[in-house]
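> Sequence:
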Amino acid sequence: MAAAASSATKAPAKAGAGGNAPAEGAGSIVLGGKLKEKRGGDAECFDKDYDFAENAGNHFYARALNATVHPMVKTLFGMPTESILIRYCHMRPHVNKEKLRELLHYRPKHFRWAGCDTFCTTTAEGKRSVVVIETNSCPSGQKHMPLLEESNEYGGYKRLIGTTFSDLIEHPMDGKDGPSAKEEIPGGVLAVVYDKNKQEASGYAATMASLSGEPVYLVEFYLTDPEPPVRWDSEGVMSIRVAAATVEANGHSDAATPAAASTIGAPAAVWIPVRACFRYVTQRPWSRLPVVSKTRVLNPVICCLAGGRNKLMASKAYDFFNGEFHEYGLTINVPETIQDVAKVEVPLYVKRFFGGHAVVKVPYGNAGQGVYTILSKEELDSFMAEDHHYGKFIVQSLVGSANWGSVSSTTKERFYHVGTLPTKRGRIYACDVRCMIHYTADGWRPCSMYARRAHEPLPDEAPAPGTSWACLGTNLSKLASDLSWSTESERLLMMDTKDFGRLGVAVDDLIDAFVQTLLSAVAIDKMASRLIKGGVFDKELFSSLNDDPALVAEIMTIPTIAEAAAAAGAVAGAAVGAAAGAAAGAVAEAVVGSA
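The UniProt record's numbering applies: residue 1 is where the sequence shown begins, and numbers increase by one.
Hints were generated in silico from the structure; no laboratory data involved.
Please read all numbers here as calculations on a predicted model, not as lab measurements.
There are no misleading hints in this set.
Here are the simulated DSSO-like cross-link-like pairs (lysine-lysine), alpha carbons at most 27 Å apart as the crow flies:
hint, residue 1, residue 2
1, K539, K109
2, K97, K412
3, K343, K377
4, K526, K412
5, K48, K158
6, K351, K127
7, K38, K198
8, K316, K526
9, K316, K99
10, K533, K99
11, K343, K392
12, K158, K182
13, K316, K412
14, K412, K392
Full structure from sequences and hints, please.
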């Protein structure tokens, strides 16, 4: 979920001004019916001699650098995987220990790094559990996490790059014997591509340079850049635009090809191939990165489409997982969800299933964009009055207070916020815990954690129309009119000795959050594997599971050489005749691939 200021005159309650669904105005990618432009320059470069400790303030919050990690959090991160398993099953005797052990060591084919936003909840009967709100395929969190060991100045950046990313570039995705990324793409460099959160993106690039012992390029890659610094060839190899002088200084000129200088880049630039990249591209990433590529990507876009940035597909992935593993006592806890809802149907489901109190989500947003908390007719009417780019929504049970949460028309459990410990004034705030995990040689491990609270405390009675987001939304990101992002860090709750105690959680709650995140990641990886058959994206299956033409039309595909040649020949043939068309088709292989 996301956060934004809210007032009685603002409706619907939603992730606004940094967080509403794409619409015209401030905090939107649309203006005057057209996409706003945001440009990125040529790639920056971090070399192996970059002093991370000296520049730690560029990659961590100052609060995190000066904080001491809480002993309970340190306990979780220090527990061997087997100890986590034993404790979890000890607290839940109905869970099949062997099946959970398999999942803790499940090797993903696609989704190697994940983050879940979770709520610590209770029910009307007082049953406490951790509930998954959404899963993220390129989650933030490193900059908020206090160091676990003073000797590791890189913190979680090193945990992720030194294990998960290193394994990706040395071994094929399926884990079998095969060529490394360097052998597959000779002369290819390492890169980090991003469209927000430069603080963490640069931290990954700097860590990668230090651990690999070679230059690493940091590339801005925005959704609406008319001169993007990234392109793809017909074989799925990524290239990035870099200043020619930088490439020459790094000894990468042999693999470079000339590039037209960008408006804000260097006067002389070249394209260089990338053998592996770390992706922090969050806004509609499937429109800029192909689903299948030769360049190895952490995480590949299929993870986004399968549920890591697609709440509709995530819901179906969870259903498939729960159907398969319920007999072993393993279930992903989620609010009741209605899938594939057309806009005109939203009022029916909100009233019929949830008593007028629900959450409506545009499935494909992130950072809280397109999330609407609806607790009144005014909020529902305002949602219905908005124009929406996509055709499908999900409607979920609202996790609120026991006095005013969703009213169930089914036998499914209703969840209520446990929230923070009461303040001196007796106020309890809704809060979430972000749990980031990654796959390593020791199985799945926690990588970082942090928490966030809402703007306003949970009221005893249902909030006034238009104000529900203020007491329910927790996201910190805020999108400005110039398409830049800011963070409302005053609501951040870190895993340190100062903030952690306010959450009212214990080690067992953290273990529960870790396991719920693990199960969600496995579910989405299994969905991704269903959608990739023989190295090819099954677009027909995806379109059947996610029947939203607006989304499907955005998915980037790379034509084969034959398809590109035929298309180029057809276009040229229409313009100058069949002979010219045949000639154009013959040379298409040399020019196809610019994204």
